[in-house]
Amino acid sequence: DGGITQSPKYLFRKEGQNVTLSCEQNLNHDAMYWYRQDPGQGLRLIYYSQIVNDFQKGDIAEGYSVSREKKESFPLTVTSAQKNPTAFYLCASSISTGRWTGELFFGEGSRLTVL
Amino acid sequence: AQKITQTQPGMFVQEKEAVTLDCTYDTSDQSYGLFWYKQPSSGEMIFLIYQGSYDEQNATEGRYSLNFQKARKSANLVISASQLGDSAMYFCAMREGSGGSNYKLTFGKGTLLTVNP
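From first to last, the protein sequence lines stand for chains G and L. If you read the first sequence in our numbering, its first letter stands for residue 230, the second for the next number, and so on. If you read the second sequence in our numbering, its first letter stands for residue 9, the second for the next number, and so on.
The set of hints was computed from the structure by calculation and includes no laboratory data. Please note that a few of the clues may not be correct.
Claimed, not checked - Below, in silico cross-link-like pairs of lysine to aspartate or glutamate (EDC-like), each with a Cα-Cα straight-line distance of 20 Å or less:
1) L:K112 with G:E301
2) G:K312 with G:D288
3) G:K238 with L:D30
4) L:K78 with L:E104
5) L:K117 with G:D288
6) L:K112 with G:E332
7) L:K117 with G:E337
8) G:K238 with G:E253
9) L:K117 with G:D283
10) L:K112 with G:D283
11) L:K112 with G:E291
12) L:K81 with L:D63
13) G:K238 with G:D267
14) L:K112 with G:D259
15) G:K243 with G:E291
16) L:K112 with G:D267
17) L:K81 with L:E23
18) L:K112 with G:E244
19) G:K238 with G:E301
20) G:K286 with L:E104
21) G:K286 with G:E298
22) L:K117 with L:E104
23) L:K11 with G:D288
24) L:K117 with G:E332
25) L:K11 with G:E332
26) L:K11 with G:D267
Generate the whole structure from the sequences, applying the supplied hints.
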């Protein structure tokens with residue numbers, strides 16, 4: 230079945246450590262996204278990528294980095310520079326051609342806790 | 009200014025009754041799209057319904073309908089015949105522009121719906 234796979238589902242990290250969240254999709258979608266969700270804040274866009282080897286900062290990119298070396302993969306690294314990394318992270322993808330509405334397809338999320 | 013405003017942090021409804029979740033938006037674009045997503049406690053985001061700015065009729069999907077009032081810039085979600093499984097967080101979102109580089113969705117802060125038996 231086609232979908233988006235995020236791993237790990239739960240992750241604990243000590244302060245000062247970098248951590249990478251994986252996101253893989255087999256929907257053949259061009260665009261991929263990372264959102265962060267905090268209680269009472271809704272979803273906020275971290276980074277997005279429309280094509281391979283290209284990505285743009287979202288509203289809260291500071292302290293995060295991404296890469297898009299393959300169409301299927303869009304990993305997110307939470308660096309030690311991110312001051313409040315504890316959050317729920319959602320990866321999403323969308324088509325970008327044809328009858329496109331902008332609908333996002335989401336993974337199940339990764340919950341990061343900094344100890 | 010917030011682009012998507014959901015003024016109801018929490019809502020309660022009796023099973024089998026209808027409920028309206030409010031959403032107002034702010035954009036200067038003529039072409040845009042509005043979405044509603046459901047997020048159960050498991051965390052997954054489930055797409056419910058979409059309304060394009062040029063769509064003349066309100067969108068409907070089963071028990072979900074979108075009450076689109078363009079002049080008032082509102083896109084309220086109506087859930088008819090509520091079920092216990094409808095208890096979840098609901099997010100309104102907007103895509104500005106009509107494609108090309110406009111791939112982003114902006115989300116509201118959500119409304120937590122609780123369906124009582």
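Against the structure, the hints come out as follows:
In summary, the hint linking K112 (chain L) to E301 (chain G) is supported, as the alpha carbons are separated by about 19 Å, within the 20 Å threshold. Annotation: proposed proximity of K312 (chain G) to D288 (chain G) holds, straight-line Cα distance about 15 Å (limit 20 Å). With a C-alpha separation of about 31 Å, the suggested pairing of K238 (chain G) with D30 (chain L) is violated against the 20 Å cut-off. A threshold of 20 Å between alpha carbons decides the hint, and for K78 (chain L) with E104 (chain L) the separation of about 14 Å falls inside it, so the pair holds.
Under the criterion of a C-alpha separation no larger than 20 Å, the hint pairing K117 (chain L) with D288 (chain G) is consistent with the structure, at around 15 Å. About 10 Å separates the Cα atoms of K112 (chain L) and E332 (chain G), which keeps this hinted pair within 20 Å; it holds. Distance hint between K117 (chain L) and E337 (chain G) is fulfilled; the C-alpha atoms sit about 19 Å from each other, no more than 20 Å. At roughly 13 Å between alpha-carbon atoms, K238 (chain G) and E253 (chain G) fall within 20 Å of each other, so this suggested pair holds.
This hinted pair does not check out: K117 (chain L) and D283 (chain G) have alpha carbons roughly 29 Å apart, beyond 20 Å. The suggested pairing of K112 (chain L) with D283 (chain G) holds, with an alpha-carbon distance near 15 Å, which does not exceed 20 Å. Taking the CA atoms of K112 (chain L) and E291 (chain G), the gap is near 18 Å; set against the 20 Å cutoff, the hint holds. Note on K81 (chain L) and D63 (chain L): the hinted pairing holds, with a Cα-Cα distance of about 14 Å set against a maximum of 20 Å.
With a CA separation close to 16 Å, the supplied pair K238 (chain G) and D267 (chain G) stays within the 20 Å bound. Distance check on the hinted pair: K112 (chain L) and D259 (chain G) sit about 13 Å apart at the alpha-carbon level, within 20 Å; holds. As the CA atoms of K243 (chain G) and E291 (chain G) are separated by approximately 19 Å, the hinted pair is consistent with the 20 Å bound. Pair hint K112 (chain L) plus D267 (chain G) holds up; C-alpha atoms about 19 Å apart against a cutoff of 20 Å.
Restraint check: the Cα-Cα separation between K81 (chain L) and E23 (chain L) comes to about 29 Å, which exceeds 20 Å; the hinted pair is violated. Taken as a hint, the K112 (chain L) and E244 (chain G) pair is broken in the structure, with Cα atoms around 31 Å apart against an allowance of 20 Å. Of the pairs offered as hints, the one joining K238 (chain G) and E301 (chain G) holds, with about 19 Å between alpha carbons and a cut-off of 20 Å not exceeded. With a CA separation close to 17 Å, the supplied pair K286 (chain G) and E104 (chain L) stays within the 20 Å bound.
In summary, the hint linking K286 (chain G) to E298 (chain G) is supported, as the alpha carbons are separated by about 17 Å, within the 20 Å threshold. Distance check on the hinted pair: K117 (chain L) and E104 (chain L) sit about 18 Å apart at the alpha-carbon level, within 20 Å; holds. At most 20 Å may separate the alpha-carbon atoms for a hinted pair to count; K11 (chain L) and D288 (chain G) meet this at roughly 13 Å. For the given pair, K117 (chain L) sits about 18 Å from E332 (chain G) by alpha-carbon distance, which is consistent with the 20 Å threshold.
A threshold of 20 Å between alpha carbons decides the hint, and for K11 (chain L) with E332 (chain G) the separation of about 18 Å falls inside it, so the pair holds. Of the supplied pair hints, the one linking K11 (chain L) and D267 (chain G) holds, its CA atoms being roughly 18 Å apart against a limit of 20 Å.
Of the numbered hints stated above, those contradicted by the structure are hints 3, 9, 17, 18, listed in ascending order.
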